[in-house]
Structure formats: structure tokens, C-alpha cells
Amino acid sequence: YTHDISAHRDIGIHFIGHNQGTVTVDSDASVYIEGPILNSTGTTTVTSSEGDIVAADVGSSVGGNRIVLSAHGDIGSEFAPLQVKAGSSLNATSATGSINISQVSGDMPVDAVMAQTLGNVTLASQGGIFVAGGYEGLVSGGAINLTAQTGIGNSTVHPLVVDSPNPTDLQKDRLTATAQSDVFLKEKTGDLRVNYIHTGGDVWIDVPDGSLIDANTNAHVDERTLQQLRDGVWKSLGLTGSDYDQKIAE
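The sequence shown begins at 10 in this note's numbering and counts up by one.
Derived by calculation from the structure, the hints in this document are not laboratory data.
Be aware that a few hints might be false.
[To be verified] Quick list of the computed label-pair ranges, beta carbon to beta carbon: (1) T234 x S97: 34 to 44 Å; (2) G68 x S36: 20 to 30 Å; (3) L47 x S86: 39 to 49 Å; (4) S36 x G136: 23 to 33 Å; (5) Q125 x G26: 30 to 40 Å; (6) R239 x G136: 14 to 24 Å; (7) S58 x G115: 29 to 39 Å; (8) V32 x S86: 40 to 50 Å.
[Claimed, not checked] Pairs of lysine to any residue residues, derived as SDA-like cross-links and limited to a Cα-Cα distance of at most 20 Å, are as follows: (9) K181 x Q125; (10) K197 x A121; (11) K244 x N227; (12) K197 x K244.
All C-beta atoms in this analysis are idealised placements derived from N, C-alpha and C, irrespective of residue type, glycine included.
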């Protein structure tokens, strides 16, 4: 018996499996990233329970819609930051070391980045450093260094949250931030110690439970005499004498 099916009719094709990929690396030693990990739609998790997560090659990177990094020691290094391509959120935790991560394209969406024993945290982004949707957007460590090509933090409603709990090295444990547009920051607990914040936009800072402290030890002495200041800068700004009285009256 022969049964014919016309070739011009549609043929249904169905794929089985998951809509999103999952990449999981779990090691009790250091993990060396030697090339790109590509996973644009799923979650990529890299765990080193007893070692570091290290960028072993210039072209290495960790990609994922959500990226979760957990190391006993360092994540990236000062001279070889771990490059990431995080789509919707980034979570990174170091138990005893420092964290140095660079978002190689677009914005860095922060869930939480924590150096739990006050190691240095350095984040750089080719876009902004923003709070990931649905997350706190916490950056916690000793010295916190943020560099963004656009802004830092989303808004006054959703600022990037920073925290240096119980700092032990007051010369080192401070915030340094560089951006090109607006910066929105909130201190989670205690004082916010600022080295400097450089930006081409506005800066909004909230320290609800402490003080905003100038932690920049670079002092610049103005060598001009008191009279030179009175007759020059202060007078032009209307800060003294009758000029000040007139400005108040206006």
C-alpha cells in the first residue's frame, strides 16, 4: 500500500528543550576565563568556592542575561578586570578578596556587588552603572571605585546604593566616582566617605543614617594674601562688605 502526501502542503516542525540557555561552572579551585562565554538570553553562573575568578586572556569575557559570580578570593584584578556582558542583572560576591569588573558594552545593570571583607570594588562600564530592575543595586566594599561613560544610578527614586560597613582603613576605604552625566547615590549604612565625584552632570547623594565626609587628603593651599582675596575673588562674588549687603538685599 502506498500513501502519497502532496509536497506543497505545510510540514509542521517542533523543537523541544528550553527557551533559555543556562551555563554553570562550579569549581573548588580558581576559575580561569580564557575566551568568551556567550549566553545572551539565559543565566551564567561561575563559582569558585576556594579560589579566584580570573581573566586569563585579553579576549575573555563572561556573558549572560543574568550573570552570577561567586569567589572565595578575587574576581578579576587591578590590571586584568574580568570583562562581562550582562543583559539584565549582575551579581558578584567575593568572600575574602577584591572585585574588579568591566562591562564591555552597554550599561552595567547591578543587582549586588559585594566584597564581604572590605576588599576593593572597582566597576567600569562603557555605558552607565545602573540599578537592575527589581533589585537593590548594592555596591559594598572597602574602597569603591566607579567609572561610567554615561551616568551612575537611575534616579532619586532608584539610586545606586553604596556601603562600606565599619571601614578599618580610613585612608583607603572611600568612594571615588567618575561619570559623564548625572550621578545618583545612596549610602546604605553609616557615613559616606568621598574621595571625589567627577561628572559632567548633576550629583544627588542621600546619606540617611550618617554624615557625608570629605575623605580626600589632597590639600591645595591658596597662597594669595587675605587682601588679594578681598579685592579679587571675594569682591567679584559679592562675598564681603557692601557688596555682600547689596546681594542680600536683592
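Unmet hints by their number, sorted upward, for this structure: Hints 1, 3, 6, 8, 11 and 12 not satisfied by this model.
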